[in-house]
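**Student:** Protein sequences, first through last, are from chains A and B.
End of the first sequence = 775 in my numbering, gap-free, step of one.
End of the second sequence = 189 in my numbering, gap-free, step of one.
With the C-beta cut set under 8 Å, the calculated list includes, among others, these residues of chain A facing chain B:
1) Leu137
2) Ala141
3) Leu149
4) Phe541
Computed far set for chain A versus chain B, every beta-carbon distance over 10 Å:
5) Arg2
6) Ser86
7) Asp118
8) Asp220
9) Asp491
10) Thr558
11) Leu583
12) Ala654
Because the hints were derived from the structure by calculation, they are not lab data.
No experiment lies behind these values; they were computed from the predicted model shown.
Backbone N, C-alpha and C define an ideal beta-carbon position, used for all residues, glycine too.
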Amino acid sequence: MRRRAAIALWLAAMATCAWIAARATYTADLTAFLPRSTTPSQELLIAQLRDGVAARLVLIGLEGAPEASLAATSRALASALRPSASFAYVANGASVLAKRDREMLFANRYLLSSGVSDEAFSEAGLRAALDRAADLLASPAGTLLRPLLPRDPTGEFATLIAAHADRAQPMLREGVWFDPARQRALLMAETRAAGYDLDAQAAIHAEIARAFAASRTDPDMHLVLSGPSVFAVQARGAIERDAWRLSLIAGLGVALVLLAAYRRVALVAFGVLPVATGMLAGIAAVAAVFGNVHGITLGFGATLIGEAADYSTYLFAQRARGETLAATAARVWPTLRLAVLTTGFGSLAMLASSFTGLAQLGLLTFTGALAAGLATRYVLPALVPAGNAADAAPHVPAPAALARATRLARRLVWIVPIALIAGSVILASRHATLWENDLANLTPIAEADKQRDQEMRDALGAPDVRHLIVVNGRSREDVLQRLERLTPELDGLVAIGAVQGYDSPARYLPSAQMQRRRQAALPPPEVLAPRLASAARDLPFREGLFAPFLADVEAARTASAVEPGDLAGTAFGLAVRSLLFELNGRWVGLVPLSGVADAKRLAGVPVGKSGIELFDLKTESDAMVSAYRDQSLALAGAGMLVIAAVLAIGLRSARAVAAVMLPVLAAIAVTAAALVLGGTRLSLLHLVSLLLVLGIGTNYSLFFSRFVPDDEERLRNAYAVLVATATTLIAFGALATSGAAILGAIGTTVALGAALSLVFAAAWSQPQAWSPPKP
Amino acid sequence: MGILSLVAALMLSSAAIAQGAFTIDELMRTLAATTDAAAGFTETRHSSALKAPLVTTGELRYTRPGRLERQVKTPYDERYLVDGDQVTITRKGGTPRTISLASQPALAGFLDTLRATLRGDIATLRRTYRVELEGDAASWRLVLLPADPDVAEFITVIRVAGNADRLAEMEVVETSGDRVVTRFSGAGP
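One chain only, chain A, in its complex shape (with noise of 0.2 Å):
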C-alpha cells in the first residue's frame, strides 16, 4: 500500500512540475545574471550589451576574388539585404547615404546644417553662394548641382552632406568599401535584432550566407562574418555540437560501466529516475518563484544537479545479497539523507545573492538535491520490480584487490592534510592573478578571428566596442545642448590624434535650441526676395529661377523644429534612437569613441562637468564580473558553514564533520591550485564546477567514513563509491576533451576534484569513527 502511495504521490508531483515547467518562460536575457541593484554605469553597460549599436553590428568581408568580381558581389549582396527586415541599416560605400536619408536631409536642412548664419543670409553671403553656384554648374559637378539649383543655390544640402562625408570612410575601389590592401570588400549590416539574441542573430548570419551563396560572382570567393555576435553564435554553435557529442559519449560510458555492476538493463534505466526528477522538480521551483527561467541557470543547475546521478549508485550498489531494495534504502538512508541535506542546504546560501541567475541556481538546486533524494528513498524501492533479491545484488568483482586498495589508502592518511595546506598555499601565493575579470575570456576567441576582426573594423572606421563618453541630462534637449557644447573639445581629440573619430546624436539631431537659432538666421520673404535679386544682378541665373528656394526658406523659418520621428527609417534615425535615450528616468547621451590610441590621452574631456562621465566598457563589465564573483565566493564560503552545520546536527561530533569535510577541502585546492598552476585563471564556472565537486565529495567521504558492521559492507560501501566515482570521471573527462572552452572547463575541474575527492576520502577514511543515528 505505502508503495502505490509513493508512486501515485510521486507521479501527482511530477505532472504538477512538468505542468509549471511547460509554461514557465525561458529566457535568454543576460540581464537575469545581472545585479538587481545597479550602478547608473551598470544599467548602462547592461543596456549596451543588450541593445547597443556595436553589439548589433555585423561586419561582413568577402575575400579570394579579384577585386572587380569582389565589387559586384559587394553591390548585389547589399541591394538583396538592404529590403529585409531584419537589418536597419547595410552600407558598403556604394553610396555614401541612402536616398531616403539624402531627402530627409534635404528636406530638414535649413535646420540641420551648420552652414546656417545671419553672415550667409546677408547680401554678400548670398552672392558669394551664387557666385560659387555658377562656377560649379560650369565644372564636372554641375550635373550633381544642376537638379537642386533652384531649392538650394546656397548648397546648404552639399554642406550637409560634407559633414556626414567628412567622417573617416573606408577606401573605396570600383565604387565600394575594401580593406587598405585590396584584398577584401567590406559591408557593414546593423541587424534590428538585440545582439543578445543569439537564435535571431544566427538566422541574420544564415540570411547573409545565402544571400552571399546567391550573389557570388565567382566559385572561389568565400564570405567572413564578424562581430560579437558572430562570435557568440560561434561559441554557442561549439558547446552545442560538443554537448550533444560527448553528452552521447559519456552517457554510454556511465550506462555500460553501471550495466557492468548491477548487470541488469532496467536497475540502469532506474539510475536515472532522481537526477531526472530533482531536474524537473527544481526547474517548477524556480519558475514558481520567479517567474522565469534562466537557460545559463538550466546549465548550471544540470551540472550541479549531476551529484543527484550517484545517489542510485549508493542504493544500487549497496544491496546486499537477499535484500530487499526498500530494506537497503533503508539502511543506506541516514547516509544519503545527509548527502542530500547538504548539497541541498550547502546551495540554499545562493538564494541570498543579489543576482537573479545566482538565486535561480540555488533554488534549483535545492529543490533539485531534496526531490532527487525523496526519489532514491522513496519511489525507486516502489517502482523497481523485485525480481530474484539473490540475483539483484551487485558483484563486487575482486573483493581482494578492492580490499587491499583501501587498506592502502589508509597508509597515505598523512596527504590529506599536506595537500590541503600545499593546495591553499599555492592559491594564497597566486591570489593577485588567480581570477579571470574579463568577460571576453570567459567565450575565448581564436587569436585569428580577434585579428581579422580588429583589421575590419579598423578598415571600416566601425566604432570599437570599448570607450564611449556618456552625457547625462534632465531630459533629451538638456542632452543634446550639453553635446553641441562638448563638440569643440571632440574636435579637438580628434585633432590632436588622440581618436581617430567620434559619433554623437547631436550630429543627426540638432538641439531645438539650436534649430530655433537657425530659424532666427533666416530671413522672412520680404527680406529675402529683394537681397537674393540683388546679390544674383548681372550672374547667367534666369529671373524667378530661384522661387523655389525662397518658399523653402519660409517653410523651414516656421516649420516646428525637427524631432526624433522625423528622422524614422534613416540611418539618422538608427543612430540618435540608439546613442540618445531615457534609462530609468534620466535622459543619456551616447557619444562612441573609435581608435583610441591611448586611454590617458582622453584627458582632455571634461570628465565630471555638466553630467559628463568617460565610460569603459571594459573596466566596467570586468568590474562586474568581480563583484560576481566576489559574491558567488562569498555565498559558496556561506554554503560551506551550512554544510558544516548540517553535518554536525547530523553527526554530532565535531572530529566527524571535520573526517568528512578535510577531504574534499583537501581535493579542492588540489584542483584549484592545479588549474591556477597550469596557467588557467579562475572564473564563474570553476566556482559552480568547484562547488560540484564539494558536494559529491562529501558524499564520498560521508560514505567512506559510515558506521559499517562486517567486512563485506565495507567492501559493498566502497565499492559504491567507486562506481560513483567512475560514472562521474567517465561523464565530466568526456566534457574536458570539448574544444569549447566553458564545457572544457567544468569538465576538466570536476573530473579532476572528484578523482582527488575519492583518494583523499580513501585515505582520511576512518572505518567505525562514527556511527549514524537509526533512522
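Based on the hints, put chain B in the right spot on chain A.
**Tutor:** Showing chain B alone in chain A's frame:
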C-alpha cells in the same frame, strides 16, 4: 524576278553585315591604343536655368590609365586634376584643394565615364551603362544609356562621337533637360 530580288536582298544584307563588323570591341581596342593625348575643349551648357548658354573653354590632357587634367581658361581659371581616386582642384590665386572621389561617388561615376571611354575600358562602361555603337570606324558614335539607378537619377543619355581614334564631341543630356555639349579640337584624343 522573284529569285533575283531574293539574291539582291541577300547581297544587301551581307553588305550590311560586313559594314556592321565594326564592333564596340574594335572601337575599344582602337581607343585603348592611345596612351596620352591633349586637346582643347569648348563646353556649352544649354539650360533652362540660364539666361544664355554657359560656355567654358580650356584644355584636356589624358595620360593612361587614370590621369585626367581639365584646365579651364575662360570664364575663370581652374585646374581639375583627377589621378586615381583623388581630385585636386586649383583655382587661380587659391590653394589647391584635394578631395577623395571616395567621398563623392556621383562625381566619381561621372569622371570614370570619361576616363573609361578614353582608355577603351568597356567593362567599366558596361557596369554603369547600356552601350550602343552607331556608324563605322571612320566616324562612330557611342551611346551610353545609364543602367545604374544612381547615374540614371542625373543623366538621361551620353553620346560620344569620334573619328577613328579621336574623340570629337561629347553630349550629356541631363534629367533636368539641360544639355552639356563638349567639342574637342586640335591634336586631341
